[in-house]
Amino acid sequence: MSIELIIGILNIVLISTTPLVFAGIGELVTEKSGVLNLGLEGLMLVGAVTGFITLVLTGNYFYSLFLSIISGVILSGIFAFLVLNLMTNQIATGLALTIFGIGLSAMLGKKFGGTPIDGLNPYYFIVISFLLVFFVAYFLSKTKTGLIVRAVGENHNSAYALGYNVIKTRYLTIIFGGVMSSLAGYYISICYAPMWQEGMTAGRGWIALALVVFATWKPWRLLVGAYIFGGVAIMQMNLQAIGVKLPGQFFNMMPYLATIIVLVFISSNKLRLKLSAPSSLNIPFEKNQ
Amino acid sequence: MQSIVEFKNIFKSYPGVMANEDVSFNIKEQSIHAILGENGAGKSTLVKILYGHVKPDSGEILINSDLSIINSPSTAKNLGINMVFQHFSLFESLTVAENLILGMNENISLSKLKDKSKTICDKYGFNLNLNSPISSLSVGQRQSVEIVRSLLNNPKILIMDEPTSVLTPDEISKLFKILKNLVRDGLTVIFISHKLEEIINLSDYVTIMRNGKVVSTISTQNEDPDTLGYKMLGYKVSKAKQVSDIKFSHEIFNIKNLSTQSKDPFAINLNEIELSLKKGQILGIAGVAGNGQKELMEILLNENDYEFSGDIIFKDLNINNLSTFQRKSLSISYVTEERLGHSAVPEMSLSENIFLSMNHKSEFKKGDFINFEKINSYASDVIKNFNVDTPSFNVKAGKLSGGNLQKFIIGREIMSNPELLILSQPTWGIDAGSEAFIKKTIVELSQKGVSIIIISHDLDELLEVCHQISVLYEGSLSNPLKVEDINITKLGKYMGGLFD
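Those sequence lines, one after another, are chains H and L.
So that you can map any letter, position 158 of the first sequence is 158 in this note's numbering, and since no number is skipped, the others follow by simple counting.
So that you can map any letter, position 357 of the second sequence is 646 in this note's numbering, and since no number is skipped, the others follow by simple counting.
None of these hints come from the bench; they were simulated from the model.
These numbers were taken from a predicted model, which means no experiment stands behind them.
There could be a bad hint or two in this list.
Said to hold, decoys possible - Each computed DSSO-like pair below joins lysine-lysine, with the alpha-carbon atoms no more than 27 angstroms apart:
#1 H:K218 <-> L:K552
#2 H:K144 <-> L:K445
#3 H:K142 <-> H:K218
#4 L:K729 <-> L:K525
#5 L:K407 <-> H:K287
#6 L:K344 <-> H:K168
#7 H:K287 <-> L:K688
#8 H:K144 <-> L:K407
#9 L:K297 <-> L:K528
#10 H:K144 <-> L:K405
#11 L:K403 <-> H:K142
#12 H:K144 <-> L:K528
#13 L:K463 <-> L:K407
#14 L:K401 <-> H:K142
#15 L:K401 <-> H:K144
#16 H:K287 <-> L:K502
#17 L:K484 <-> L:K463
#18 L:K405 <-> H:K142
#19 L:K445 <-> H:K287
#20 L:K344 <-> H:K287
#21 L:K650 <-> L:K604
#22 L:K779 <-> L:K484
#23 L:K407 <-> H:K142
Hey, can you work out the whole structure from these sequences and the hints?
Below is the structure:
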């Protein structure tokens with residue numbers, strides 16, 4: 001293999017993995033505060049289609065980015081209202097959000113499929129994604145606000161008893177996660193593709209979810225994990241190109257298989273599980289009245 | 290001295306109960322004010338209202354004569370009110386330092402925190418390692434973290450909800466010394482307890498609550514445990530008296546060299562436990578919670594194939610590998626600590642709960658069907674013989690009060706005529722009437738020749754009913770002490786791990 005080929009592959013890996021980093025780091029913060037949002041796929045698709053449509057209609061990158069982010073705020077805000085105020089089941093609500101997002105984006109984007117646009121340079125986003133991971137890692141481990149987020153995810157009753165606003169904290173982390181997912185979607189439809197096609201996120205939201213567990217809720221591991229998952233996906237194309245006969249499905253299943261292996265590994269040791277998984281994850285918080 | 294807190298006509302009801310009814314009394318500044326009452330008397334609800342954790346239906350609270358609306362813990366903390374909870378509000382996976390920072394109203398750097406907490410620790414004699422995770426600390430150490438965390442905010446009022454229930458006698462006297470020093474330095478302490486002697490030793494004033502109402506607020510100076518106890522309950526409780534000095538005949542149950550090596554870092558490993566029980570004898574296993582009681586009970590029950598080495602012998606038969614039901618068939622009965630969810634299924638009726646525990650007995654089955662006639666009559670007998678206050682055996686177990694359910698569960702096991710009865714925390718969290726009844730029942734049962742093991746944190750209870758007491762400390766079991774030779778100092782030493 002020539003140097004150029006290797007650089008080329010690395011370049012593709014870099015470009016294709018970035019959405020996983022965005023969506024994954026957002027979900028990581030949400031889960032650290034004790035909320036499981038299974039709606040990433042839906043959030044990504046709506047973020048992608050909103051950005052795309054706005055760009056086609058206005059031609060303005062700033063507007064399109066802005067509206068894409070707003071779509072994430074609104075959808076994740078609704079999710080937060082449902083699970084935090086109305087205390088609906090987080091898993092069911094998250095799944096509903098994904099299904100809703102798939103449908104909504106397909107409907108909105110119906111007339112825009114195949115419309116050509118000028119894509120944005122992905123490298124800005126790649127740099128931002130690295131900075132984000134650094135920022136989140138620093139925020140969670142070094143700042144008091146980050147400590148509060150972890151405390152709320154660890155034991156919401158204690159956090160409330162100490163005077164922290166559990167609901168508000170979770171609103172903010174859910175909305176942060178939502179915005180990150182729409183950014184991931186925006187990147188896919190504006191930088192990576194650049195085009196709109198129904199269901200174009202192709203399961204990346206699910207991989208991002210698996211990634212958070214794979215990374216055992218640690219930001220730097222999430223970055224490494226994202227590139228491993230992304231690399232495997234790209235390897236598939238290249239291996240097929242050089243004639244290795246392995247079915248594509250084998251590579252598609254790799255991220256999930258890896259996640260199951262990691263899950264089994266961390267669950268086999270109770271200490272490791274206790275120290276890595278947020279203890280209040282997926283448990284609704286009810287104020288004493 | 291001036292009143293720092295004034296409760297005025299506080300009402301709070303939950304479905305079916307009046308937790309607080311027209312509660313009014315004052316707490317004087319720089320005093321230790323105890324709130325005394327049975328389980329369910331409304332003490333915890335009242336202080337949770339003061340701490341903003343529970344919203345009252347009506348009523349007012351005055352802090353320093355100012356009407357204060359305290360609608361969240363953060364408001365309470367801004368008013369200088371801090372609380373140490375009965376079940377601690379610490380974060381297990383975080384370090385001591387992180388837990389301290391989370392409790393503070395202001396933002397603070399780590400080095401400043403170190404200085405500040407060191408000042409407090411030195412002044413009052415706490416010993417904390419800021420870098421250890423909470424999960425590695427003992428219960429006593431966790432309480433220290435909670436108290437230091439509260440003190441870091443320079444509170445004016447410190448609420449302590451049943452702080453001694455998890456401590457050894459030594460730790461209790463240390464805590465009391467600290468509290469007295471804090472009050473000398475200007476703090477007001479609100480102390481919740483149902484232990485009469487503690488209240489007399491520690492507090493200046495006491496408010497006695499019964500069924501959500503205040504009975505009276507008095508100075509503790511002229512009180513003794515009997516008078517205070519009478520005021521708390523409204524009636525006198527006769528103590529069960531165990532007959533001492535009996536010659537026991539043959540050994541019925543023993544444990545030889547039992548040890549565990551658990552992979553779970555949060556489990557306590559049992560260490561060469563030896564135990565011997567004679568016919569008709571009651572052995573108490575004392576010790577602070579979390580010293581291996583759970584693990585020992587787990588092995589005695591054998592519900593989860595907990596791995597261990599050593600031998601468990603019942604009537605010359607090694608029962609190491611026998612399942613729970615096989616052990617029950619050999620006439621060993623169990624009453625576990627958790628009433629709802631373990632001893633009984635809350636959503637099922639009392640008679641169904643009989644069947645769940647007795648399904649090893651063929652008399653309750655007709656082929657593959659349940660013999661409802663039999664279990665219903667068995668349930669009515671339990672209800673009748675053990676004073677269970679319930680309209681019928683069709684009532685769901687979860688609807689019974691703690692005391693009634695416990696009487697039902699213990700009755701259920703006793704009616705199956707066990708030769709060995711193993712009880713864990715038999716009177717934990719129940720009313721004094723049921724507690725007295727259960728203790729009396731246990732004593733009578735032993736006089737009929739049933740051997741009994743009681744695992745309990747409640748020393749008074751063990752001293753009242755047992756013949757012998759052993760202490761469990763970090764997985765090691767002490768030699769048994771005869772109850773008539775025991776004094777509390779010696780027991781305290783044992784509970785701190787200093788066996789002879």
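* **Earlier hints that do not hold, by number** => 5, 9, 12
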